[in-house]
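> Each chain is listed here by its residues.
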Amino acid sequence: MSYVRLVNVTKKFGSVTAVDKLNLEINKGECFSMLGPSGCGKTTTLRMVAGFEDLDDGEIHVGERLLSAKRRNFYVPPEKRDFGMVFQAFAVWPHLSVYENVAFPLRLRKLSSQEIDARTKDALEHTNLLHVANDSPDSLSGGGKQRVALARALAINPDVMLLDEPLSSLDPHLREEMRFEIKDLQRHYGFTIIYVTHDQSEAMALSDRIMVMKNGVVQQIDTPFNVYTHPANKFVFSFIGLSNFTDVAAEDAKVYVKGSDLILPYSGEERGGLFTMATRPSEIDFVAEGGLRGEVVRRTYLGDIVDYSIKVGEQFLRVQKGRNDVRLNEGEICGLKFKHPFWYDAD
Amino acid sequence: MATIEVKNVAKKYGKKTVLEKLSLTVKDGECFTLLGPSGCGKTVLLRLIAGFEVPDEGTISIGEDLVADGSSRRIIAPNERGLGVVFQDYAVWPHKNVYQNIAYPLELAKVPAEELKKRVMDTVHLVGLTNLEKRLPSELSGGQQQRVALARALVARPALLLLDEPLCNLDANLREEMRFEIKMLQRNLGVTILYVTHDQEVALAISDRVGIMDEKGTIRQIASPEEIFEHPVDEFVFRFMGVTNILDVRIEGGKALLADGTPVPWLKDGELPAEGTKWHVGFRPSDVMLLPAGEGVPSAIRRASFLGAMTEYRLDLGGQEIRTEVDTLTMHMDSGLFKEGDPCGIGLRQIHWFPAEEKEDA
Amino acid sequence: MPVMKRRSFGVPEMLLFLSVAILVIVVAVPVLLILYTSFFVDGHFNAGQVMSILSEPDIYEALLNSLFIASGTCIMSTFIGTLFAWLVVRTDLPYKGFMKTLFLVPFMLPSFIGAIAWKMLLSPRSGYINILLMDLFNLEEPVFDIYGYGGIMAIETMYLFPFVFIQVCGALERMDPTLEESARISGASLLTITRKITLPLMAPSIMSGALLIVLYSMAHFGTVAVLGMENGIFNIPVLIYEKIHQSAGSFDSIRAGTVMAAVLIVSAAFIIWLQNKVLSRGRYQIIAGKSFRPMEVKLRGLRIPLFIFCLAYIGFTIVLPTVTIFLVGGLSTYGVDITWENLSLDNYKFILFEWDLTRDAIWNSVSLGLGAAVITMFAGVMISYVIVKMQVRGKGILEFLGMLPFSVPGSVIALGVILAWSGKFGINLYNTVWIILVSYIARYMAFSLKANSAALEQVHDSLVEAARACGAGMGQALKDIVLPLVRPGMFAAFFLIFLPAMRELTVSIMLYAPTTRTIGVAIYTLNEDGETVLSAALAGIALIIIVTGQSVIKYFQNRKAG
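Chains as they are written, first to last, in the numbering used here: chain Z, 1 to 347; chain U, 348 to 709; chain L, 710 to 1271.
Worth flagging that the hints you see were computed from the coordinates, not collected in a lab.
By construction, the Cβ of each residue, glycine as well, lies at the ideal position given by its N, Cα and C atoms.
Rough simulated footprint, nothing fancy, chain L against chain U, three-plus residues with beta-carbon under 8 Å:
1) 418–432
2) 435–446
3) 449–463
4) 495–507
Let the sequences and hints guide you as you build the complete structure.
Structural data, given as structure tokens:
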């Protein structure tokens, strides 16, 4: 059942269209991520849902409520939307204690003091902050501050939680832990998450579905696994992980590495002229016999993985193998087998 | 000959001892990386070698020259050591354009105008700054500024290049690219490099040898990247080199057991350490073999995180959590991916034994 | 092979010694002499004397007045400064950027000239506005009386509120907008956010600006001297001036002066300490990376009225007094109507080309300003370099001495300089232009240290080390790297000293002799002697010099930034 609905949402900044006719349906209780390079419109979309930005066209609904409708000049201000939101830079208030930060939204709702106390403590407990309730948030680490921000957003028990790059200011180790914590909180409270990030592995690890955006236009909306295994286009392919793009040419029903006589195994639709083979460095195997012949021009040992640069014709391919796999040395000739190549039109 | 010979060097700041009796040799033409956590004194050592600091004890020689002697507190000034130095914050001069920045060392060396111009332009091309010579540093990206710094350090053709965390202010992609370029420059120019960093990936990628330093300024191990990664001498080195699993283990009746009696899923008949003592068993996520339920030591999936090419699992092993990563596509095609809560089995490819009490100081 | 050298060869120690010596001679000795003279009688510590001096009626009254005027000015300035800062940073007020520049203009205008102008506009008998209102409404009594506490506080507020304004503007601009947005999404209205989030977060900046105003107002001479005489209102600096001036150097009056100066020193030190405490305790980490447009409060119906209010404020406080000065400067005698027939450039010609007194004053101010600016600029570079960049033992003393100039008020410096340079140590500069130069150097050292330290802190050590590694010796690296990079700081220091020196009054008034009047002294004394039109004309010329100087700085700064 779709819960958050964006209909034809458009936003312009001057002559730049930040979000172009976006249609989106997010289910209740879903974790939905918006993913894309900076300037793709993902943050603007989130801020329109939050109510910090006006729409230039379209409507936003949550459940039965209409929140923004440009044509009817209708707009619910952010303070009346009852969402939880967490920002990249923590945005916890340094002049209030941890407890008061979390109680702030509850106090605005004129609840009884017992209820404020109970709900504040509940939120603090689920974010492991009870023991620092009376401290200043400035005395906490980055991870601690972000927990305060989460607890504050949770306190009113919102149906929708908006997360704007909440983990980008944390160090990588903490990022992983917080990812799990957010997931657990969602399981416990049952809110719908709309999550904005530029980090593809974070989005894939956390989300039920992800949306990849570029220049204000949706490229693909699907489950992480489907986006990874069936990227809708070359942009999605390149954004979702490490990638090789190899120029290839079709001639006499055979596909060659461009500028060489090396033949590639090709089983796709019939194509002519120049196009592109897209492969992932981790999805190329070394084979002793056959395969595409190439020369190892650089080997970089990185511990868990070994990173190779392979010269194929006049082009280079990157291959990454686990440390338990076959090792090749620089200068060796090898055969390459592609597990899961994609074929796209040339640019 | 650009060897570095550091002998019994000690350095204190006030009452804080940063380096104590440190000795180190960097061979001619090699890329040597000093790897350690922040505050471990690695930068101090680099600054001693560059001549920005004076050792309290010990001697430092570069090639044939004794450049610092702690006992007499005499040093050769940094400007007379003939080094190239690249700093973490680039340290390109904001009032000089790219060309002027790179030309400065040659101007000081009074290189004739014709030759100066040629050498500056050669270096500009070498580091990939062609057509940017007239730009001021403020008009360059971080990566380009670091190239200017690199060019400036290389232009006078020093035999020895000192690099102090030169990549840590760059974003991940650029860092990877610059890492390759530094390595390539080193091979083409034959310069000796001393590289200081806390980033173990850079250290593994570019070094001929790595020295691991702990917080107290002691060097724990010096070896090739593979040796360090595959055969760490102690738990500190093991932990520092990447993601780890560490299990608390006791030896009982010729078996290695976890706290609740679960056996360590060690498939080979290796030698067990002494009975009765407490040990840590360390292994990398890539050492874990994830097996269908019923094979190996029984375990269960606590968390599954699909990350794209890799899927990361957190597993329960006798109440302790261990992590592993599998290749998504291979796993998907072979046996299917595990979901959270699924039972599974575990085997280990390789383990390291570390005495348990070492954990406290590591 | 190059020769091994011992690293310490004495240059750092020499520079440290020189820096300490400059600060000791110029600042520390005068301050210590004041404290010594006030607390020691015939070489013995005597606190009883101090108490009895402080309880003399006129001194006690000056103390109370200083406090009262400072508090009133502080409250008014804080309110106005915060309001305007909020309007230009956080609302949709029209032409915000331009308005912000206009609100900073009072910074460069000398307040005693403003006081003279307001006296012309609002004095009960002859003030132009009073006369106009009395004529218009057929009133018997004047509407305004500028010669009271209210008038003094109002005029000081006009010139001092930018201290709060600039602090609050900066803090508001740097504040992470998501701090407010997260309150909004929590359900808070804009008013609640301003009350519960924005203002508390701004409190340290507001407080710090307010304390600065107390500091300046307590030590401020001009406005009180110009407007207070009529009704016998005086504060500490005015009373110090009168004591020293009237009693021609008698020991009793000097002692009374030093006791009052000691009070100023102690209060200034306390205020600076309090300000540091407020700033360090309240330095919230509210500055963050991802910058979205900060929330803008829609003023809706109030937008145009508030805009008109701001314009009216600027018109009244900046344009009106300035125009008045120039117009009165063009009159043949004070009191005649301002009409085209009565206006001419004769006064301006007279004071610029004919009258020795004013020509001397202009010449004195220009040469004193240049001299003080050049000397202080170079001394400041050296001292800042030692403080910011060098590792020498004993640097702590220098850091302490470097703090001193920030907290010593002008009248204290003047008095201290009199004590130190009137022959006590074998050098008598009293009644010469040199004593003014010495006091200017002491007074403006703080500006130079601030500008040069800021510039030097931008020059990271690695920039110099990179040059050393490239083969440059220390001297060479200083010349090629450090000097070019601190040049803007030195340039800024020069103008930060030269321009205020052109309008200086507090110090010069205590030190001038008949031939060593400065522009400020000449304006003030002419005004006191009833030569109102000539005083106004000279004030007009001072304003032209100052505004031209400011424009030159702006031009260079913009060119550098662009």
